[in-house]
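Peer 1: First to last, the protein sequences are chains W and D.
To convert, count from 1 in the first sequence and add 545; that's this note's numbering.
To convert, count from 1 in the second sequence and add 94; that's this note's numbering.
Treat the hints as calculated values from the structure; they're not laboratory data.
Glycine included, C-beta positions come from ideal geometry on N, C-alpha and C.
Among these hints, one or two may not hold up.
Said to hold, decoys possible - Derived Cβ-Cβ restraints for the label pairs, each shown as a range:
1) W:L571 to D:A398: 55 to 63 angstroms
2) W:A564 to D:D222: 25 to 33 angstroms
3) W:L574 to D:Y110: 45 to 53 angstroms
4) W:L885 to D:S140: 45 to 53 angstroms
5) D:H230 to W:R938: 31 to 39 angstroms
6) D:S140 to W:V864: 29 to 37 angstroms
7) D:E335 to W:R938: 52 to 60 angstroms
8) D:G154 to W:G789: 47 to 55 angstroms
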Amino acid sequence: MTFAMFRVMALELWRDRGALVMTFLLPPLVFLIFSAVFSGATGEDIKLKLAVADEARTVDSRRLLSALVTDADLRADDVASGDEVRRLVRAGRADAGLIIRADPGLETRPVLIVSDASRAVAAPLTMARVQQAMGRVMPDVLLARTLAETAPSFGGLTPRQQANAARTLDALAKAPPTGEARTGLFAREDIAGARKGGGTIAYYAGAVTILFALFSAMQGALSLIDERRSGVADRILAGAAGMGPVINGKFVFLLGQGLLQAIAIFATAQVIYQVPVLGHLPMWLVTTLLVAACAAGLAMAIVTFCKTREQAQMLSTFVILILAAVGGSMVPRFLMPPWLQTLGWGTPHAWAIEAYQAILWRDGGIGSVYMAWIVLGGVGAAGLVLAHLAARRIR
Amino acid sequence: MTDRPILNVWRAEHQYGTRKVLRGIDLALRPGEIYALLGPNGAGKSTLVGAICGRLKLSGGEIAINGEDPFTTASARASLGLVPQEIALYGHLTVRENLETFGRLAGVKGKALREAVQRALLLTRTVDRENVPVKHLSGGYKRRVNIGAAIMHRPALLILDEPTVGVDQDAREALDTVIRNLRDTGVSVLIVTHDLEQAGGLADRVGFLREGRKIMEGAPRALIEQAFGQEMEILVHLTLEPDSAGEILMAGEGLERQGRTSVWSKLDPGGYATAGRLDTRLRRAGLEPREIRVRQPSLQNLFALVADWSRAA
Numbered sequence: 546m547t548f549a550m551f552r553v554m555a556l557e558l559w560r561d562r563g564a565l566v567m568t569f570l571l572p573p574l575v576f577l578i579f580s581a582v583f584s585g586a587t588g589e590d591i592k593l594k595l596a597v598a599d600e601a602r603t604v605d606s607r608r609l610l611s612a613l614v615t616d617a618d619l620r621a622d623d624v625a626s627g628d629e630v631r632r633l634v635r636a637g638r639a640d641a642g643l644i645i646r647a648d649p650g651l652e653t654r655p656v657l658i659v660s661d662a663s664r665a666v667a668a669p670l671t672m673a674r675v676q677q678a679m680g681r682v683m684p685d686v687l688l689a690r691t692l693a694e695t696a697p698s699f700g701g702l703t704p705r706q707q708a709n710a711a712r713t714l715d716a717l718a719k720a721p722p723t724g725e726a727r728t729g730l731f732a733r734e735d736i737a738g739a740r741k742g743g744g745t746i747a748y749y750a751g752a753v754t755i756l757f758a759l760f761s762a763m764q765g766a767l768s769l770i771d772e773r774r775s776g777v778a779d780r781i782l783a784g785a786a787g788m789g790p791v792i793n794g795k796f797v798f799l800l801g802q803g804l805l806q807a808i809a810i811f812a813t814a815q816v817i818y819q820v821p822v823l824g825h826l827p828m829w830l831v832t833t834l835l836v837a838a839c840a841a842g843l844a845m846a847i848v849t850f851c852k853t854r855e856q857a858q859m860l861s862t863f864v865i866l867i868l869a870a871v872g873g874s875m876v877p878r879f880l881m882p883p884w885l886q887t888l889g890w891g892t893p894h895a896w897a898i899e900a901y902q903a904i905l906w907r908d909g910g911i912g913s914v915y916m917a918w919i920v921l922g923g924v925g926a927a928g929l930v931l932a933h934l935a936a937r938r939i940r
Numbered sequence: 095m096t097d098r099p100i101l102n103v104w105r106a107e108h109q110y111g112t113r114k115v116l117r118g119i120d121l122a123l124r125p126g127e128i129y130a131l132l133g134p135n136g137a138g139k140s141t142l143v144g145a146i147c148g149r150l151k152l153s154g155g156e157i158a159i160n161g162e163d164p165f166t167t168a169s170a171r172a173s174l175g176l177v178p179q180e181i182a183l184y185g186h187l188t189v190r191e192n193l194e195t196f197g198r199l200a201g202v203k204g205k206a207l208r209e210a211v212q213r214a215l216l217l218t219r220t221v222d223r224e225n226v227p228v229k230h231l232s233g234g235y236k237r238r239v240n241i242g243a244a245i246m247h248r249p250a251l252l253i254l255d256e257p258t259v260g261v262d263q264d265a266r267e268a269l270d271t272v273i274r275n276l277r278d279t280g281v282s283v284l285i286v287t288h289d290l291e292q293a294g295g296l297a298d299r300v301g302f303l304r305e306g307r308k309i310m311e312g313a314p315r316a317l318i319e320q321a322f323g324q325e326m327e328i329l330v331h332l333t334l335e336p337d338s339a340g341e342i343l344m345a346g347e348g349l350e351r352q353g354r355t356s357v358w359s360k361l362d363p364g365g366y367a368t369a370g371r372l373d374t375r376l377r378r379a380g381l382e383p384r385e386i387r388v389r390q391p392s393l394q395n396l397f398a399l400v401a402d403w404s405r406a407a
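With the rest of the complex left out, here is chain D (with noise of 0.2 angstroms):
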């Protein structure tokens, strides 16, 4: 990995109208590395990635792809390969006359096109399916060819828009094999996404926006070590709903309901040794447990300490 960015953004501002949504925002990619862009809905993410692909002229800063503009110039624009949110493909078309499709778009041609759409193939693990019309792939191999046709002109840089939307465990499990064969070939990887354990166990450097600025940046182990330092994640799934007198107790042990579920958490340093003692008062009090895991925090719980920090600032 050299030190030379392939992506940079310097002081990136853009607003619609009177409303700002990009507020200063720096940014550096570096060859190979995998970053994963995180934020709420109407953080910036989506017209911070508009902004990388040529597509919207910044109200301020600059934003530089091999060292060019990506807005005004086409060779920067070739350096990128953009895979969008949707499926953006052909249905009725093949895996390979899709890929070859992109390919002859993106100015690939003759022998070079037939290389690159083998390691396409290849790379996504797709070869298997080549000849199958992509409306007939289930969803996780729509993923993969989706990525397929966003290099087969070998972008240095490769953005991902929510690459898991729509895609079960296994899926995504293969997606990341994907991304990952795509970075140790030099690929610099840019994900948008919302799926925080995806970011988590892919991502070499992850970004925090919200309300156009960057909150937070680092690599994710290093970033919920130094967010929660020995704390642990102690999770509860009860069998029973509580009652009223159940919930004031939850409360009461600093434990907090997740979303509608019937699991709640809290984050100790005590880790294990609070479990045992909130398993006993729990059952004490006739609330039965169904179970209670201990686990580091994540970059979930990380992403709720920031929203939490933004709401107090």
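Just chain W, same shape as in the assembly (with noise of 0.2 angstroms):
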């Protein structure tokens, strides 16, 4: 009788060959869309737009303009005036403004950032990049910044330090040094053989795969109210079996159809990132076959709890964009703040992201993963004897 209720769900899908296309190949062009969008996002290719306008016109003014106008990290556009500036970031056309109002080389605050508070992040890394560029490409007018603020706590240069500081400053200027400063802070190691990109490629492949397998889940679930609408549950509680091996059928079905999700978002993630699934593919299977019954399992209960479509649609459409939202499928959980990251644990896409990561990025065992596997197993489980209760109310 599962049987029956697994081929009944297999055969709709198949010769509903729109829903086909949609359930299998949209997971991995979202996961694409999105590993793109967030990888770009938190990683290192962020290229802000600036609006950068010299007020100050002097010779150092115009060298940074210029280090900032052809920075490739930089979207840096020479605008007119200040105002113009102002202008630009009011109406969103750029991410921050820079007005360069006096010599960079000058005690005072020579340079001004102009940010929205929309997009706060940008100002820090306006500034960050604009440090960047100066130790790059003007490292005179750093270095006599840096001596002009620190020469009166040794009391001050003597004629001859003076002398030497001017013809280093002079020789920096003509000939900037390449490559790392060697009296630089900072030093930089990436960790997990340095595989760029792939920690958030990898972090996207499992929170696309939880969101959908939900996602679909709850589509492959509402069939449930179909049935009741339709009649066919009515023909189907006249009998001796009663509900239970639909609920059972279609438990076991929507567990597939999340596994092929997963297979066709992760093949994605290994072909196109050489996110390393094969290389881990006993622990990625238990994984997503928890994942899997987790969202077919959460996706039951709610629906057998509705009377109406109408209410299974609104209720699931709420909980799969909150779980979404809290447990990182949309924005990496550390970006959160501290109690929503808290608050995120108690969402399966927060295990379910974080079992794929440390499978699939940290190369964890059983040991970093088995309490993902108890929550994504629990609630899965949890969810199938709701139904089966919940089912028992349907007479």
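Since each chain sits alone in its own frame, please combine them into the complex, following the hints.
Peer 2: Here it is as structure tokens:
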């Protein structure tokens, strides 16, 4: 009897070619879009759009302007005035603005950053980019500023020291050093074999997998309401078996559907981004089955408690969006406030994402994912039991 | 036909809150019998069918299918097949696949399932459409497959809820044939319907429900003869709409308009003689009858009569 319902669900999906395409092509497509969007937003590829006005019009201000406009990590436009900079930022046509209002070598604050509160992160990023550009193209100006700020602490420079400094500054201005500064504060090391972008990709492969598993499971589970509306449930309930085999058949189908969707997503991740799925196949498979079971159980439970399709659609949309947002399927959880990060552990999404990252990015073993497995499997089992209990009320 | 009923309902009572919907209904259905349950909306038909299908517990009284309570006993429910009013099928699946599915859900498998599919295709006369997806079938074929899906497990009792909704005359006749075929195999059929014409032509017995009570039961022809004796129904179809004087004349002749149509009718023991005199008088008054017909009273007339009695009571 369970197989009969599984077969119905499979045949209905197979013959609805539109739904079939959407079920198995949309998830990898959305994964590609999400990973492109968010690896750009949280990785090293952020290219701010800056509006820069040089109101000082000195030699060094022109050097700074030129450095920013030619910086490959920025999209900086030279604009006519500070007012124009403000107008562009206010209109949202620039992420931030920069007004060089005095010579960069002077002690005052010669550079003004114009920022919009809705893009607050752009201001500190701009500061960092300007510092980088000055360090790379005009280190003499930076050194001169440092000398001007520090020399008084040492009682000032002697004439000889001043002459040496002037020679050094002149040499730096003519030939800025290439490569990393020897005296820089920071060095950097990428962990886990430094697979560029791989951590974000693995994150979003997991995030999109649980998102779509739940989304598709909800759509599949909604057929239960259609069966109540179409009289199929009346027909089945009038028989000896009741709704039990129907619930089980749908659960098994949704489990299989979730597994196939995950295969489509992670195959894309493996082929396009070299996320090492095949190297971790057994652990990945167990995690994926539990993710699919979790989504199927949750969807069945929600739908069986609703009386109409409208109720179920509203509730499922709410649940999908909230769980996805809080659980990190949309925005990485490390960017969320601490209380929201804690709240995220109440969603299967956070556990699924964590498990996939542990396996695929950190090469973790069972010890690093067993808790996620327990949570995902537990939610799936609880959902299935609740669905059976709720289905008993349907008479 | 044996006398031992397959379905027995004793003093069935039910209420939703304080509203009584069943007020002591008795019903018995013998093997191979077609019984039509008639009544207006709110008469209690759906509640009674729900109780027979084991989907609600009666407030009072008992129901037994093959001697077992369908609410508590799965084997009692296994003896019945329900044909819902809706087309309770999977549209993307073919006729055969639908039959297989509902057979499996009813616990039929293997060789028995293959045989049951073949039998259902033959009995419902859908062999020529067995590989067509249900969504591509006509309304009449869908109704037949709807019945086929309910007989896969060879139920002793088949319940049809409004089986002729939305089907044309040809499809209705085909459905009647299917139902008679089933009756001939020994299945008892309980039809819940508003279609009095179908009930009159098909049912061995009919039962009228009104406000939770069974107010009349028996063979359609016998009930009609009992209620109307020698009276015949005279139907007058006017060519033109009568003016107010014409309407007074029609009423004076004892004719009543049928709904909003241009057909007027009355019951009269005079039959054809009365019809002839009526034709002359109407023409003399300038009302041109397009057609005057005389026919035996139907369940429709009985239903109206019963409704009048009920209102008077």
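Peer 1: Between L574 of chain W and Y110 of chain D, is the Cβ distance one that fits in 45 to 53 angstroms?
Peer 2: Given range 45 to 53 angstroms: holds, Cβ gap about 51 angstroms.
Peer 1: For the hint 47 to 55 angstroms, verify it against the beta carbon of G154 of chain D and that of G789 of chain W.
Peer 2: 30 angstroms, violated
Peer 1: Lying within 45 to 53 angstroms: is that true of the beta-carbon distance L885 of chain W to S140 of chain D?
Peer 2: Holds: the Cβ-Cβ distance is about 50 angstroms, inside 45 to 53 angstroms.
Peer 1: CB of S140 of chain D to CB of V864 of chain W, is that within 29 to 37 angstroms?
Peer 2: Check passed, 34 angstroms falls within 29 to 37 angstroms.
Peer 1: Can you tell me whether the CB distance of A564 of chain W to D222 of chain D sits inside 25 to 33 angstroms?
Peer 2: 29 angstroms, holds
Peer 1: Between L571 of chain W and A398 of chain D, does the beta-carbon spacing fit 55 to 63 angstroms?
Peer 2: 58 angstroms, holds
Peer 1: Tell me if the beta carbons of E335 of chain D and R938 of chain W are separated by a distance inside 52 to 60 angstroms.
Peer 2: 55 angstroms, holds
Peer 1: Between H230 of chain D and R938 of chain W, does the beta-carbon spacing fit 31 to 39 angstroms?
Peer 2: 35 angstroms, holds
Violated hint: 8 only; the structure is consistent with all others.
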